[in-house]
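Quick mapping for you: the protein sequence lines, in order, are chains A and B.
In case it helps, the working numbering puts the first sequence at residues 1 to 323.
In case it helps, the working numbering puts the second sequence at residues 324 to 647.
No lab work stands behind these hints, which were simulated from the structure alone.
Because the structure is a prediction, the values reported are computed rather than measured.
No residue lacks a Cβ here, since even glycine has one placed at the ideal position from N, Cα and C.
Among these hints, one or two may not hold up.
To be verified - Examples of chain B residues lying across from chain A (beta carbon under 10 Å, computed): (1) LEU396; (2) GLY404; (3) VAL410; (4) TYR413; (5) GLU416; (6) PHE429; (7) ARG570; (8) ASP571.
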Amino acid sequence: MSAETQQAAGVIHDLGYRSYDGKRLGRKSIIAALTWHSFRSAFGFGRSAKAKIVPVIALVGLCLPAIVSAFAMSRGNPRLVDYDTYVPVLRDLLMTIFVAVQAPELVSRDIRSHVLPLYFSRPIKPVDYPLAKYLGFTAACLVMMEVPLLALYAGSIANVHGGAQVWAQTRALIPGLLVGLMWAVVLAAISLFIASMTGRRAFATGAVAIFFLLTYTLAEILLQVESPPDVSKVVPGGPGAPPGAVHIVQGAPAVIPLAEKVSGLFSPFTLFDGVRMWLGATDTGDNVPKVGGFGAIYAVILLIALGACLAGLAARYRKATLS
Amino acid sequence: MDPSSRSQAVIETDALTKVYPGPSGGVTALGGLTVRVAPGVTGLIGANGAGKSTLIKVLLGLVEPTQGTAKVLGHDSVTGGEQIRQVVGYMPEHDCLPPDVSATEFVTHMGRMSGLPATVARERAAEALRHTGLHEERYRQIGTYSTGMKQRVKLAQALAGDPRLLLLDEPTNGLDPAGRNAMLELIARIGEEFGIPIVVASHLLGEIERICDNLVAIEAGRLLRADTIDSFTKASQTLLVEVEEGRDALARELGKRGLTARPYQRALLISIASDGDGDDDRTFDAVRDSVAVLGLPLSRLEQRRHQVEELFRDDDQLEAADVR
Numbered sequence: 001m002s003a004e005t006q007q008a009a010g011v012i013h014d015l016g017y018r019s020y021d022g023k024r025l026g027r028k029s030i031i032a033a034l035t036w037h038s039f040r041s042a043f044g045f046g047r048s049a050k051a052k053i054v055p056v057i058a059l060v061g062l063c064l065p066a067i068v069s070a071f072a073m074s075r076g077n078p079r080l081v082d083y084d085t086y087v088p089v090l091r092d093l094l095m096t097i098f099v100a101v102q103a104p105e106l107v108s109r110d111i112r113s114h115v116l117p118l119y120f121s122r123p124i125k126p127v128d129y130p131l132a133k134y135l136g137f138t139a140a141c142l143v144m145m146e147v148p149l150l151a152l153y154a155g156s157i158a159n160v161h162g163g164a165q166v167w168a169q170t171r172a173l174i175p176g177l178l179v180g181l182m183w184a185v186v187l188a189a190i191s192l193f194i195a196s197m198t199g200r201r202a203f204a205t206g207a208v209a210i211f212f213l214l215t216y217t218l219a220e221i222l223l224q225v226e227s228p229p230d231v232s233k234v235v236p237g238g239p240g241a242p243p244g245a246v247h248i249v250q251g252a253p254a255v256i257p258l259a260e261k262v263s264g265l266f267s268p269f270t271l272f273d274g275v276r277m278w279l280g281a282t283d284t285g286d287n288v289p290k291v292g293g294f295g296a297i298y299a300v301i302l303l304i305a306l307g308a309c310l311a312g313l314a315a316r317y318r319k320a321t322l323s
Numbered sequence: 324m325d326p327s328s329r330s331q332a333v334i335e336t337d338a339l340t341k342v343y344p345g346p347s348g349g350v351t352a353l354g355g356l357t358v359r360v361a362p363g364v365t366g367l368i369g370a371n372g373a374g375k376s377t378l379i380k381v382l383l384g385l386v387e388p389t390q391g392t393a394k395v396l397g398h399d400s401v402t403g404g405e406q407i408r409q410v411v412g413y414m415p416e417h418d419c420l421p422p423d424v425s426a427t428e429f430v431t432h433m434g435r436m437s438g439l440p441a442t443v444a445r446e447r448a449a450e451a452l453r454h455t456g457l458h459e460e461r462y463r464q465i466g467t468y469s470t471g472m473k474q475r476v477k478l479a480q481a482l483a484g485d486p487r488l489l490l491l492d493e494p495t496n497g498l499d500p501a502g503r504n505a506m507l508e509l510i511a512r513i514g515e516e517f518g519i520p521i522v523v524a525s526h527l528l529g530e531i532e533r534i535c536d537n538l539v540a541i542e543a544g545r546l547l548r549a550d551t552i553d554s555f556t557k558a559s560q561t562l563l564v565e566v567e568e569g570r571d572a573l574a575r576e577l578g579k580r581g582l583t584a585r586p587y588q589r590a591l592l593i594s595i596a597s598d599g600d601g602d603d604d605r606t607f608d609a610v611r612d613s614v615a616v617l618g619l620p621l622s623r624l625e626q627r628r629h630q631v632e633e634l635f636r637d638d639d640q641l642e643a644a645d646v647r
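Looking at chain A on its own, in the form it has when it is part of the complex (with noise of 0.2 Å):
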């Protein structure tokens, strides 16, 4: 380069170009490499402190409770809450918060800065690039889900004493990480597929909050309305009424009518509670709804959902624009 050129160019160093004919990566350690990044953007790595604060937030907020349990235990008290259900109202409100924030720090604002076409010109295939964003952002979940677990079981077994309890702590614990397990699945897949229509943040962060927040109002609306009335309070038939009208008798066990058994398939916290029951969990609480015979449904129904983000998600992204 001539002294001349040198000048014009003002600020470029000529330090001369070296090229690098190492090893390339294929296109799987590509997509494990996304994920990685998406995984650690779901945490706000590599971005400002600000887009911290959710993420941070929420943990501490979930793993609360668990060392609550733990102090509690070493004053000689019971565990508090269990592995399964954790703290049912405060998970829900908190994993939703997360996934609101975070879902669109992931998709949204790679539309809204147009950055795509730059993916799509590297070696992977267009799907590739929601299939990492889904598996990173499941994996970030899912540690949401169970550090608090973890934490929790950390704390019980330092409080207990004998091989015996432990093991049962370790056999509370293990169907409590399959249920955040399906909880990190399920919910990735849906605030990605939510978050992935808009490039605005603050309307995809409204948008899968909504979802989330109306549609668990509405199956625990439908849950408290649909509930039987206090069993002790029915009279069973009335004067004039055909008999068998009213199966529930004093000290009989309810037959759960057929609008509580499906009034929970309407929002993915209460499907995670009916598949739960379904697989044989025995907490009933007032906000969990009784799926009766119909627990293979909400088994059912879950898996539509699930499969039916991951499609349109991969519909999403499957053409390769460049602008």
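Using the hints provided, position chain B relative to the given structure of chain A.
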């Protein structure tokens, strides 16, 4: 075209056709484009809608041609898309940068996406940013950059993957004259000193011709002309002659001397004839003599460089000669 030069081509298309489905037969974006791009800096000239973007998509293996084939660095665009994208650096026309990450972070990430191992990606990102003159500012968030700096980041991310071919789509978009010059300087330097073949897509011939070795002009999805820069600009140069009165008389006089003059606003446009041995003076002499013979008040005489749109739409003669 002899076989040895054929093997050197970085891009080769053969009757490349792309029809986007739609009503009434769809839209033909590429209509049988056959072109061969040699190493060096090549300008891909075409007006908006000429088919440049579709061609780039086909070359990157992102769109399957309806007919015909395209080869990039020896890889078929349909079967070898991933191999092509591994060794081609692409700089999009439009803004494509996230505002809230640093240039280093971003270029490193895009290097990894090109298949570089993590440490190599970090090194190469630093180098690419140095080569594009962003070394000092590399830790700043991209959102704080000027338009010129953003264009350099776009170029740096294309360079990070150590490409064997660069596809730059309107690299001077949105830049002021000084920024354009600096960007063109940089592209020329990458082409010459780094030895990377470059295709620069642009709708401004006048702007990129000075850094190009070869030019490929397309219109309506067809090849208008592909040639070296010298023969291209020679043939495409025109002379604008403005006289204060007697324009039509001058046109007749020039006609007698074998020159075709077309009215253009208040002036005349004359193609500068080139007889192949570099003797262009004939045209200038004829104009000078004509004006002198008629005694007309000459107010303007300038050699014009065209925007490609103007060049190919107006110059019927050239178009007729070059559409093959």
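Verification of the supplied hints:
1. LEU396: 13 Å, violated
2. GLY404: Given a least distance of 8 Å, the restraint on GLY404 (chain B) holds.
3. VAL410: 9 Å, holds
4. TYR413: With a minimum Cβ separation of about 4 Å from chain A (threshold 10 Å), the hint on TYR413 (chain B) holds.
5. GLU416: Check passed: Cβ of GLU416 (chain B) comes within 7 Å of chain A, closer than 10 Å.
6. PHE429: 9 Å, holds
7. ARG570: Violated - the Cβ of ARG570 (chain B) stays beyond 10 Å from chain A, reaching only about 41 Å at its closest.
8. ASP571: 46 Å, violated
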